Every structure is written in C-alpha cells, then in structure tokens.
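Numbering (numbering that gives the first Met the number 0), first residue to last: 0 to 247.
It should be emphasised that the hints constitute simulated quantities derived from the structure, not laboratory data.
It cannot be assumed that every hint is accurate.
Straight-line alpha carbon distances no greater than 30 Å define the calculated DSS-like cross-link-like pairs of lysine-lysine that follow [to be verified]:
hint: 1; residue 1: 162; residue 2: 38
hint: 2; residue 1: 188; residue 2: 230
hint: 3; residue 1: 56; residue 2: 209
What follows is a list of derived Cβ distance ranges for each label pair [claimed, not checked]:
hint: 4; residue 1: 119; residue 2: 164; range: 22 to 30 Å
hint: 5; residue 1: 243; residue 2: 178; range: 16 to 24 Å
hint: 6; residue 1: 49; residue 2: 182; range: 19 to 27 Å
hint: 7; residue 1: 149; residue 2: 51; range: 15 to 23 Å
For clarity, every value in this text was computed on a predicted model and none was experimentally measured.
Cβ coordinates follow ideal geometry from the N, Cα and C atoms, glycine included.
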Amino acid sequence: MKIESSAFVKNNPPLNKNLFAILFILFVTAVSLSAMDLKNYLLAGVAVPVDIGIKVKEDDSTKKWDQIGLDLDLSYIGIDKYSGLAGKVRGLLGGARTKNLLYKNDSIKDSYATLGGFYCGVEFGAGYSFIHNDEDFLSIFAMAGVVGGLYQDLYSFGSSMVKYKITRNISYALLSTGIDFTAQHRFSKNVGIFADLGFRYFPTGGYIFKVETKRISGSSSSSRTQKSDYKINGGFEILPAIGFSFSL
C-alpha cells in the first residue's frame, strides 16, 4: 500500500478537529492563569511511559502494539494562592522501543518489528490543587496534547549469492488525553521533590512505515522504497515520573 506522507493528515480528520480543541483549551487556560495570583513551580525529572494495546487499523483488521520508554520530563505548574485552581504545561523528550508493529515488504514475508528511536510531546492541562501551602501541594489535572516519534533500525540477511539490506523507519503522531496526579514537597525555600502519576488515552492518530530494501547480487544491486499508512484508534499509557521541583 503506497502512499505519500501528506495522506496522514488528509486521512485523519478527527486528528485535525482535536488539534483545534487542544488549541482552544490552551487559550482558555492561558487567559485563566493570567488573571490569577499564582505560585509558580518548575518540575524536572524522569518518566517511564508504558504504552499498552495501541490499536492499529490495518486493511480490514485491527492489531495492537506496545512500547516502553524513558524520557526527560519538564513541567510548569501554576497554582492560584486562594482558589487552588491550577494550570500545567508538560513537555517530554526521550527514547523508546516499540513492539508488534506490522510492516509489509514484497521482498520478505510480512512481519512484525521491534524498533528503537526517540519521541517528544507537549501537553496542556487545567485542574485543582487540594493541598497548597508553603511546603506541599497535591493536584489533579485534565491533560491534552500531542505526542510524536521517529524510529529506525537496520538489518541484513541472505546468502553468499544474494543479500538484502533493510532500513525500516516509523514516523507517528498521537493525540493524548488523560489525567495527572502531581504531588510536591519542598525541603528548602526553593527546592523540593515531586512525584507524578499520569494516565493517558490516545483517541486517534497514525503512523507511516517506510521500508527501504537493497538487494545485492554479485556486483549488481537494486533498491526500492515502500510506504504504508496505518490509522491508530485507541490505546492507553501509564506515565509515572519523579524528580526535583523548583519554586519560581
């Protein structure tokens, strides 16, 4: 199934609609925060996202794939001193390994790939802080954002007569929605520790699988490139994080 990369956007109208919704949420959050008397915090730590059962629509069937990662987690949190209303901006950058990704290649049998690569994401949230004093806060946030990644691996196989060199690439984007529970304790005036537990659902998205095959036979060689487009319908993520917090 050959496609152009622009088909990802054209074939995913729900993705476009939800992107507009995220931008609207961001605008409302920014306006609300600007009118508050805020306590400001910067959170920096590490997270171990575990994605479970991401549903991939392939032709007339639905398959699932998983991934586990390790990333740098950077967040800004603003909490209104009086009402406890709060806003959050969260950024992620890290590496991951994917499992059970289907790809098609005419040169070899249809197979499933385990790939390594990197990903990044940005999310925005609004919520409430049940506890907010000079030392501690405990908050809950409704979150929405976008996560994207790029994975690649190289391998070869064959005999002394014919050899194949395969390069596999995945580029993907997912809409992310869910909730975060965030707790912080300060052990000095400006520095503390935090723990964060997030739960995510991916309502829509997709990925493009690109396979480059080079065939070598004696002194001659040939190559070809194939692209396959898959739609993502659902999937869950558990997102625990821990690190240091800084009062701004």
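Hints, verified against the model:
The straight-line distance between the Cα atoms of residue 162 and residue 38 is roughly 62 Å, outside the 30 Å bound, and the hint therefore fails. Straight-line distance between C-alpha atoms of residue 188 and residue 230 comes to about 48 Å, which puts the hinted pair past the 30 Å bound. For the hint linking residue 56 to residue 209, the alpha-carbon distance of about 17 Å falls within 30 Å, and the restraint holds. Checked against the hint of 22 to 30 Å, the pair residue 119 and residue 164 passes, with Cβ atoms roughly 29 Å apart.
The supplied range of 16 to 24 Å is met by residue 243 and residue 178, whose beta-carbon atoms lie about 23 Å from each other. Roughly 20 Å separates the CB atoms of residue 49 and residue 182, a value that falls within the hinted 19 to 27 Å. Separated by about 21 Å at the C-beta atoms, residue 149 and residue 51 satisfy the suggested range of 15 to 23 Å.
Hint compliance for this structure: hints 1, 2 are broken, all remaining hints hold.
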